[in-house]
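Can you build the whole structure from these sequences, using the hints too?
These protein sequence lines map, in sequence, to chains A and B. Under the numbering used here, the final residue of the first sequence carries the number 566; numbering is consecutive throughout. Under the numbering used here, the final residue of the second sequence carries the number 197; numbering is consecutive throughout.
FYI, nobody ran anything at the bench for these hints, they're computed from the structure. Hints may contain errors.
What the hints assert, rightly or not - Quick list of simulated restraints, FRET-style, between CB atoms:
#, chain 1, residue 1, chain 2, residue 2, range
1, A, Gln118, B, Ser197, 39 to 49 Å
2, B, Ala52, A, Ile373, 32 to 42 Å
3, B, Ala155, A, Trp500, 41 to 51 Å
4, B, Phe125, A, Ile373, 53 to 63 Å
5, A, Gln118, B, Ser120, 34 to 44 Å
6, A, Tyr292, B, Phe125, 20 to 30 Å
7, A, Leu380, B, Val67, 49 to 59 Å
8, A, Ala334, B, Ala69, 46 to 56 Å
9, B, Asp51, A, Arg455, 27 to 37 Å
Think of the CB as a built atom: it goes at the ideal place given N, C-alpha and C, for glycine as much as any other residue.
The primary structure of each chain is shown beneath.
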Amino acid sequence: MSEAHTHHEMSFWEKYVFSTDHKIIGFQYMFTGLFMALIGGFFVYVFRMQLAFPGIDVPGFGHVSELAYNSLVTNHGTIMIFWFAMPVLIAAFGNFLIPLMIGADDMVFPRINRLSYQIFLLSALVLIASFFVPNGGFGGSWTAYPPLSAEAQYNATPLGAPMWVIAVGLEFVAFLLGGINFITTLMNARAPGMKMYDIPIVLWMIVIASILFMCSVGPLLAGAIMLLFDQLIGTGFYNPAHGGDPLLWQHLFWFFGHPEVYVVLLPAMGIVAEIMAVFARKKLFGYKTILYSVFATGILSFVVWAHHQFIAGIDPRMANLFTVTTLIISVPIAELCFVYIATLYGASITFSTPMLWALAFMAEFLIGGVTGIFLGASGLDVYYHDTYFVVAHFHYTFVPIAIIGFYAGITYWFPKMFGRMLNEYWGKVHFWGTIIPFNFIFIPLFILGAAGQHRRISGYVHFPDLYTQDLQNLRIIATVSLIAMLAFQVVFIVNMVYSWFRGKKAEINPWKANTLEWTVPSPPPHGNFAEFPTVYRGPYEYSHPDREVDYWPQNEPGPDPAKSRK
Amino acid sequence: MSGPQSVGSPRTLTRTGPVIPSSLLAMVALVLTEIMLFAALISSFLIVKADASIWPPLGQPRLPVIVTAVNTGFLLGSGFMFFLANRRFRVGDFPASRKLMGMAVFLGGVFVAVQGYEWSKLLGFGLTVTSSIYGSFFYLIIGFHALHAVGALVAMLHLFLTFGPQGQSASRFLGTQVFWYFVVGIWPILYYLVYLS
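Quick look at the structure:
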């Protein structure tokens, strides 16, 4: 490491653009992801306005045609999952935290890491470019079912559709390279003394998520190549007239798509676990239980995919099987929730902003999880499929994961990332201003879905049963709440930018936490550790009875309580 | 699990080095993804084949089973040469290792060349990527394998050309080796499922 420190002054380009420093790459991923989230947020504003007030000229966009509506919905979903949730939760936090928390100076393969971001950036540019080609961006939904996605005569986007597939493919290659780095680094670059069960749970979660991603992405890449061939060369992989099978895509897509849910869920749950232990000042309850529950979830996540296809014409016997596996997978996830609640039980909780986000994650994700059981039952799903009930359900999972999880993480690690404290007061204003409207957006959508409102319709004017005053009022409530929620994000942006430059200087360890990233200066210098740390105990020794202070950093020499307990 | 220990016994603090070298671990992770990718391609092919009433479709040429069987031998031979090269590499006999590496590259090159020649004949017989779903899957699966083979051969050739008297970067040698074993190892499966069944 000493050689790495004596090198010459780096130019701006070397330091921030073509850097191989894991922290800079983490920031690159984070800011690219946040920029994409702004685009995704703008899209949802436009199409929600159209749904609440059909036919109006949306301020900032104009009239929303059916084609534009489809493209907006498709790319909202695509961006929020592939270009916001994944880069921010896995790539940004993974890159920033893994070396810092295991006591390493960088990733094992820093240049592959840089390449990973560059490919990711390219994928984002391809996607953005696809909005501006003739006929606009792809509008066949983020699941891209053929024949709609395969044939330009159906989707009406001869350029947008292939560009969408190429962008998604590139993005997966980027995460593949990142995932290889994460796995190798966690396994091979840990500080001396840090054993498997001393690894902070968030890192386990990110790495297990990477493994799930790598095991599931192959089939989707294969499917995407076939789809691209169908679009561009005119093969018939998904065309029954040529002997192909459109259902094939659905299997390949969801074989990836369902594990993908856990790919983004796990890092968010890991972030929440770190925050809960710190602000409850208690040892994380059931470290190994959490780990094994996650392993079980990971394995089960590969055998539930067809629950997305109950009404796609699959064999009903197969539907039964997938109903059973789907209900089984809720067991380890429920286990995780109970274990987290057990950490909180009897604790003296500090309701700081990160902790509020962590608690909100639990509360809101629970609603998402429980409504998922309705949809996992193949009988009920016949009715609910493709209604707004589904939309509300997965937003109750993905918003806690991506948005609440991100805010929990950024408010917690902001002092370490930027060396300044966020403003607590405005942090809490932003928290309540996000959480309350969030529920007012999606509870009406549950009701609308139960009333039979179908997805993927750009306006209900021509559907008299759905265009009643009651239902329209619910749509307006959802849209107004959405605008309120989006407006409150300005509070966060201002708070973040202001605190970055003018906030209170952060100490090395402002939250009195145990993990290794809190032993280096805020922000950490290039190379992170002046001296490589040695680890003596697990990361969650809070309020130990033998100690005067209520925390016990991992690198402080001394006994390991886990061993003395016998 | 661990036996009773005195309170506060210090841990073993020496960094013993990773159990699996980083290059190997990273390559295994990549190969895992690749296996899933080929598994998806092959299962897609089998599903479509099972749906078809007549297979291969009428009017499509038959695949060159015998020539490809011989060609499979070249590829397996190449993998074996790399295996032998690794054994020489480990004992530090770098000239012999380099020679065996060269053999591995040569045999792998023969495999790709014969495949290319057979492809050109098949194209002449009217089996193209759009002539039928049969042709589409053939060129997709076998073409994907060929791409992997070519990529691996370029890496192997580079390894061979940069072989110095001090040998070669052990981690690169290991990584390339694992990838080539994957390319060689998956081929008989593809041959059996696409050419024979």
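Evaluation of the provided hints:
Between Gln118/A and Ser197/B, the C-beta spacing of about 42 Å keeps the proposed range 39 to 49 Å intact. Between Ala52/B and Ile373/A the beta carbon distance is about 39 Å. The supplied range of 32 to 42 Å therefore holds. Remark: the range hint 41 to 51 Å for Ala155/B to Trp500/A is upheld by a beta-carbon distance near 44 Å. Distance hint for Phe125/B and Ile373/A: a CB-CB separation of about 55 Å, consistent with the stated range 53 to 63 Å.
Restraint check, Gln118/A to Ser120/B: a C-beta distance of roughly 36 Å satisfies the suggested window 34 to 44 Å. Separated by about 56 Å at the C-beta atoms, Tyr292/A and Phe125/B break the suggested range of 20 to 30 Å. Distance hint check: the CB atoms of Leu380/A and Val67/B are about 56 Å apart, consistent with the given range 49 to 59 Å. Against the hinted window of 46 to 56 Å, the Cβ-Cβ separation of Ala334/A and Ala69/B comes to about 54 Å, which satisfies the hint.
For the pair Asp51/B and Arg455/A, the supplied restraint of 27 to 37 Å holds, since their beta-carbon distance comes to about 29 Å.
In summary, the one numbered hint that this structure violates is 6.
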